[in-house]
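**Q** Could you slot chain B onto chain A? The hints should help.
Chains A and B are the protein sequences, given in the same order. Position 69, counted from 1, in the first sequence is what numbering that gives the first Met the number 0 calls 68; the numbers after and before it change by one each time, with no gaps. Position 79, counted from 1, in the second sequence is what numbering that gives the first Met the number 0 calls 78; the numbers after and before it change by one each time, with no gaps.
A hint or two may mislead.
Once the Cα atoms are required to be at most 20 Å apart in a straight line, the calculated PhoX-like pairs of lysine-lysine come out as [what the hints assert, rightly or not]:
| hint | chain 1 | residue 1 | chain 2 | residue 2 |
| --- | --- | --- | --- | --- |
| 1 | B | K35 | B | K95 |
| 2 | B | K4 | A | K1 |
| 3 | B | K96 | A | K1 |
| 4 | B | K4 | B | K49 |
| 5 | A | K46 | A | K85 |
| 6 | A | K2 | B | K96 |
| 7 | B | K4 | B | K53 |
| 8 | A | K2 | B | K95 |
Calculated directly from the structure, the hints in this document are not laboratory data.
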Amino acid sequence: MKKNDIILIGTISIIAMIFYIFVFSKEADIVKISIDGIEYGTYSLDKDQIININNSNTLQIIDNTATMIEADCPDQLCIHQASISKNRQNIICLPNKVIAEVISVDETEFDVLVY
Amino acid sequence: MSTSKITYLGVMVTIALIFSYIEFLIPIKFPVPGIKLGLANVVILVILYKMGWKAAFWVSTIRVVISGFLFGNPMMILFSLVGCTLSLFSMTLIYKKDSFSIMGVSMLGAVMHNLGQVLVAMIVMESFSVIYYFISLLIAALFTGFVIGIIAQRLLAINVN
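Next up, chain A with everything else stripped away, as it sits in the complex (with noise of 0.2 Å):
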């Protein structure tokens, strides 16, 4: 180990630890989900919930937390990321462009505070 090797580690450290006291930190309050970057809708997290995206995939709300319970792509990659609940945590399946992101209600922009 030499002393750049320290740097390279400590400053990815930094970048990261940045972004888990000030973004993960916060618990999340809705879930906005998009298909290939065009937003397809925003639900409450306070809601326990079943919402059916597009009849290809299924998100589960349940105790403030979303999972990816059902999708219809081979890879099913989806269905085995974890749970989410914390502000900016999100599920992605690749093969239907769908993403589910959870945000924090007071970092978010006022566009999609009106849902």
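**A** Relative to chain A, chain B alone:
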């Protein structure tokens, strides 16, 4: 390119493919999905140090294309190609200067591999949010890069030929 070099690189591609296959068979579970140890990168690192970036580039590109067809899909090839090219490019920039150990080189390579894949994901998904996923991969990349670096260092120390 001499015949012995072609043969040598061919064997290296095969070894890298076997590593990919082992990881495909026994995926090591990490808390965040999408994280792999990237055993095949041991081969790329060793070739980079022994034979330079051109040889490493060919082995890594051929490895990615073949393993994509064998264990993945065309989309996976695109992701891996961008990832491994960016990774090799960054490692080539710093490995000769002797200012980083092989672990440091490997760690930067791992981070850049993730960055490349996330950039493709951002374009494919047409969403910026994927970058937050990259952040959660950073610490894992340091860890896996370090492990791969140590293995490569041990292999280079043996020096078979």
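**Q** Give a verdict on every hint.
**A** For each hint, the structure was consulted:
Straight-line distance between C-alpha atoms of B/K35 and B/K95 comes to about 27 Å, which puts the hinted pair past the 20 Å bound. Distance check on the hinted pair: B/K4 and A/K1 sit about 32 Å apart at the alpha-carbon level, beyond 20 Å; violated. Between B/K96 and A/K1 the CA atoms are separated by roughly 12 Å; this keeps the pair inside 20 Å, and the hint holds. A threshold of 20 Å between alpha carbons decides the hint, and for B/K4 with B/K49 the separation of about 12 Å falls inside it, so the pair holds.
About 16 Å separates the Cα atoms of A/K46 and A/K85, which keeps this hinted pair within 20 Å; it holds. Only pairs whose Cα atoms come within 20 Å are accepted, and A/K2 paired with B/K96 is accepted, the gap being roughly 13 Å. Straight-line distance between C-alpha atoms of B/K4 and B/K53 comes to about 12 Å, which keeps the hinted pair within the 20 Å bound. Note on A/K2 and B/K95: the hinted pairing holds, with a Cα-Cα distance of about 16 Å set against a maximum of 20 Å.
Going down the numbered hints, you'll see the structure goes against 1, 2, while the others check out.
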